[in-house]
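Starting from the known structure of chain A, arrange chain B with the ligands on it as the hints suggest.
For reference, the chains in residue letters:
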Amino acid sequence: MREKIPPLETLHQMYYYMALSRAIDTRLWQLGRQGKAHFVITPAGHEAAQVGAAMALRQGYDYFVPYYRDMTMCLAAGMTARDMLLHVRGAPEDPSSGGRQMFGHFSRRDLNIVSGSSSVGSQMLHAVGLALAFRNRGEDRVTLTGFGEGATSEGDWHEAMNFAAIHQLRVIFFCENNGYAISVPAHLEIGRVGVADKAAAYGMPGIRVDGNDILAVYETVSAAHAQTRAGGGPILIEAMTYRLLPHSNADDDSKYRASEEVQAARARDPITQFSTWLKDQQLMSDAEQQTMDARITQEVDAATEYAYSRPEPTEELLYQHVYAPGRTA
Amino acid sequence: MSEPREITYAQAVREALRQAMQRDPQVFLLGEDIGVYGGAFGVTDGLLDEFGSERVRDTPLSEAVIAGTAIGAAVTGMRPVAEIQFMDFITLAMEQLVLQAAKMRYMFGGKARVPMVLRTPAGSGTGAAAQHSESLEAWFVHVPGLKVVMPSTPYDAKGLLLAAIADDNPVIFIEHKLLYKTKGFVPEEYYTLPLATSEIKRKGKDLTLIATSVLVARALEAATQLAQEGIEIEIIDPRTLKPLDTAAMIQSVCKTGKALVVHEAPMTGGFGGEIVAQLCASEAFDFLDAPIRRLAGLDVPIPYNRELEKRAVPQVADIVREARALVRGEY
Ligand SMILES: Cc1ncc(C[n+]2csc(CCOP(=O)(O)OP(=O)(O)O)c2C)c(N)n1
Ligand SMILES: [Mg+2]
Numbered sequence: 476m477r478e479k480i481p482p483l484e485t486l487h488q489m490y491y492y493m494a495l496s497r498a499i500d501t502r503l504w505q506l507g508r509q510g511k512a513h514f515v516i517t518p519a520g521h522e523a524a525q526v527g528a529a530m531a532l533r534q535g536y537d538y539f540v541p542y543y544r545d546m547t548m549c550l551a552a553g554m555t556a557r558d559m560l561l562h563v564r565g566a567p568e569d570p571s572s573g574g575r576q577m578f579g580h581f582s583r584r585d586l587n588i589v590s591g592s593s594s595v596g597s598q599m600l601h602a603v604g605l606a607l608a609f610r611n612r613g614e615d616r617v618t619l620t621g622f623g624e625g626a627t628s629e630g631d632w633h634e635a636m637n638f639a640a641i642h643q644l645r646v647i648f649f650c651e652n653n654g655y656a657i658s659v660p661a662h663l664e665i666g667r668v669g670v671a672d673k674a675a676a677y678g679m680p681g682i683r684v685d686g687n688d689i690l691a692v693y694e695t696v697s698a699a700h701a702q703t704r705a706g707g708g709p710i711l712i713e714a715m716t717y718r719l720l721p722h723s724n725a726d727d728d729s730k731y732r733a734s735e736e737v738q739a740a741r742a743r744d745p746i747t748q749f750s751t752w753l754k755d756q757q758l759m760s761d762a763e764q765q766t767m768d769a770r771i772t773q774e775v776d777a778a779t780e781y782a783y784s785r786p787e788p789t790e791e792l793l794y795q796h797v798y799a800p801g802r803t804a
Numbered sequence: 296m297s298e299p300r301e302i303t304y305a306q307a308v309r310e311a312l313r314q315a316m317q318r319d320p321q322v323f324l325l326g327e328d329i330g331v332y333g334g335a336f337g338v339t340d341g342l343l344d345e346f347g348s349e350r351v352r353d354t355p356l357s358e359a360v361i362a363g364t365a366i367g368a369a370v371t372g373m374r375p376v377a378e379i380q381f382m383d384f385i386t387l388a389m390e391q392l393v394l395q396a397a398k399m400r401y402m403f404g405g406k407a408r409v410p411m412v413l414r415t416p417a418g419s420g421t422g423a424a425a426q427h428s429e430s431l432e433a434w435f436v437h438v439p440g441l442k443v444v445m446p447s448t449p450y451d452a453k454g455l456l457l458a459a460i461a462d463d464n465p466v467i468f469i470e471h472k473l474l475y476k477t478k479g480f481v482p483e484e485y486y487t488l489p490l491a492t493s494e495i496k497r498k499g500k501d502l503t504l505i506a507t508s509v510l511v512a513r514a515l516e517a518a519t520q521l522a523q524e525g526i527e528i529e530i531i532d533p534r535t536l537k538p539l540d541t542a543a544m545i546q547s548v549c550k551t552g553k554a555l556v557v558h559e560a561p562m563t564g565g566f567g568g569e570i571v572a573q574l575c576a577s578e579a580f581d582f583l584d585a586p587i588r589r590l591a592g593l594d595v596p597i598p599y600n601r602e603l604e605k606r607a608v609p610q611v612a613d614i615v616r617e618a619r620a621l622v623r624g625e626y
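Chains A and B are the protein sequences, given in the same order.
If you're matching positions, the first sequence starts at 476 in our numbering and goes up one per residue.
If you're matching positions, the second sequence starts at 296 in our numbering and goes up one per residue.
None of these hints come from the bench; they were simulated from the model.
Worth double-checking, as some hints may not be accurate.
Just a sample of chain A residues kept apart from chain B, beta carbon distances all over 12 Å, derived [said to hold, decoys possible]:
#1 514
#2 577
#3 578
#4 580
#5 586
#6 601
#7 611
#8 640
#9 659
#10 742
#11 757
#12 762
#13 768
#14 780
#15 788
#16 793
Pairs of lysine-lysine, DSS-like flavour, derived with a Cα cap of 25 Å [claimed, not checked]:
#17 B:478 x B:500
#18 B:605 x B:476
#19 B:478 x A:511
#20 B:498 x B:550
#21 A:754 x A:479
#22 B:476 x A:730
#23 B:605 x B:478
#24 B:605 x A:511
#25 B:550 x B:500
From the three backbone atoms N, C-alpha and C, an ideal C-beta is built for every residue, glycine too.
Bound conformation, chain A alone (with noise of 0.2 Å):
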């Protein structure tokens, strides 16, 4: 398939980190149909993008600055099962927002990982300040900010493209492009060209990737990261993915596209496909799979079993945080 191939560890995490966040993801859906989990919007269909991505950082001096379908980006750069069904249940010890955000608003100080907003967009022009600010204190580091390609149509993501072409910041902008928008086709809300063509216009690098491949995203983001955090200015990569399931669970998916394409899509499933190519290529056997998906899976059981012992938010919530309480200076 290539000629350089990942150490035999990280192949192991790569399958580790796609199937963990799909047993979360039928979890959370689970959790949603039993009316445990109010809200729940996944990346089912996204995992090699994700983790190709992620596993390029270096975690906890790189940030990334995610976007609500990067579950599986947050869980290969180190947030946990538990932190995902945390954030579901709304608890207060959810570590994303503290049980105020819908889920789907990953961030961990710790873990540099940035919460994104609801707002469709606006979260890139956060990865470029973080960006800027490194900058103004001599850090190498780089921000990886994930966004679909129907974001790509705000006027924010032209913006912040433009200005860290401008000043040619160490900015990886992640497109993962899925096809639609909600319910909107490509071809009614990107246009004639692809995303990666319009890095152009910008004077950065526009490359695409099958997103279904995640040897592939992981060489082209480890490439990029090497030259963006060398002084080689931004980058924009476009992951071609698809996403599996509806949009969330207050989405009905067979209203704009057909069954048969998503089953084509299912057929392509990034996860089955990289497991086969482990084992065809005797690099993870039967055993070892199943090590890894007995773990997976009892994880996932612990983590929903605390989340969901874990006590309601109190009044109190609503009135903490809405400003800071001091100054610092």
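Below, chain B with the ligands alone, put in the same frame as chain A:
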């Protein structure tokens, strides 16, 4: 006139859109997911099939495109009805609405008209947290050149939307997510309601309660409870916030001597302050025998938790408590 049928608020809005489009080829719709999807709340369901994609246009994800191109089309004489999927995201269209739509006619010396409507669902109650639950009506009321409508019933929604579409000015038409499934009697034929008349929803002698949008129904429920204690509340729904019809509320306060203003948006800087100021500056001032009170959303972002979300905005029990206290002089 045919017999009114009972339909939902969402159906009433859709019927208004359909009738406006049937009557006037200049009317067209634009917004995110309004086509095959029928809108995030199903309001435009079926309209793409009926009118085609030239008149029911799915836009890219850009609120500036939605508001800005509506303005451009409107100055040519078309009558766009734009949808912003959640009122929260109207923040991304503020420049177009506040500096352009509102001021174009004035700044062009009267040569232009901007006959556009921008519809958007506001409010909390769906468990969607702080960036999907805003009630931002006060911002728009503050801008000369814009009209602001906030219907509380299916009947009002249809008649006011048809009036808004027929109006030659930009109108911000604020729907409420929790109202979409509520039902009411609505005539089948085309009708308009004037964009500057409030409605007395209930007669009463003890207190004048002025409420907007989803709070009108909650106020009516509170009034039914209070009636059992012998407290009779008069309820007034302004329906249009700008222009504001103050006549009925002033008259009412002259009669009751007490006023309570109720809305969902946070208290500080909310539209209730304007109503209080109007009452204080009117002949009703001489008749007041208690301070005018406001009951509004807490000055906090809307939280995710369903119970706390309810706590953040006035509920029926809160209205009962406040109204009772005011009538009894226990404030
Ligand atoms: C500013 C703004 N407008 C509209 C919405 C409603 N909305 C949420 S997600 C979405 C589609 C986003 O599509 P895309 O960026 O392609 O990401 P995907 O969900 O496909 O991963 C829309 C229209 C929003 N959240 N924010
Ligand atoms: Mg998309």
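Hint by hint, here is what the structure shows:
1. 514: violated, 7 Å
2. 577: violated, 5 Å
3. 578: The claim breaks: residue 578 (chain A) does not keep its Cβ more than 12 Å from every Cβ of chain B (closest is about 9 Å).
4. 580: violated, 8 Å
5. 586: holds, 22 Å
6. 601: At about 14 Å from chain B, residue 601 (chain A) clears the 12 Å cut-off, so the statement holds.
7. 611: The claim holds: residue 611 (chain A) sits with its nearest Cβ about 28 Å from chain B, beyond 12 Å.
8. 640: About 21 Å separates residue 640 (chain A) from the closest Cβ of chain B, which puts it past 12 Å; holds.
9. 659: Check fails; 5 Å does not lie beyond 12 Å.
10. 742: holds, 25 Å
11. 757: Given that every Cβ of chain B is farther than 12 Å from that of residue 757 (chain A), nearest at about 45 Å, it holds.
12. 762: Answer for residue 762 (chain A): holds, closest chain B Cβ roughly 42 Å.
13. 768: Consistent with the label, residue 768 (chain A) stays out of reach of chain B, its closest Cβ about 32 Å off (over 12 Å).
14. 780: Holds, since 20 Å exceeds 12 Å.
15. 788: Nearest chain B Cβ is 5 Å from residue 788 (chain A), so the label is violated.
16. 793: violated, 5 Å
17. B:478 x B:500: violated, 28 Å
18. B:605 x B:476: Cα-Cα ~18 Å, so holds.
19. B:478 x A:511: violated, 28 Å
20. B:498 x B:550: Distance of about 11 Å is within 25 Å: holds.
21. A:754 x A:479: At roughly 17 Å apart (the allowed maximum being 25 Å), residue 479 (chain A) and residue 754 (chain A) satisfy the hint.
22. B:476 x A:730: Since the Cα atoms of residue 476 (chain B) and residue 730 (chain A) sit roughly 20 Å apart, the hinted pair holds (cutoff 25 Å).
23. B:605 x B:478: holds, 22 Å
24. B:605 x A:511: holds, 18 Å
25. B:550 x B:500: It holds: about 7 Å lies between the C-alpha atoms, which stays within 25 Å.
The earlier numbered hints that this structure contradicts are 1, 2, 3, 4, 9, 15, 16, 17 and 19.
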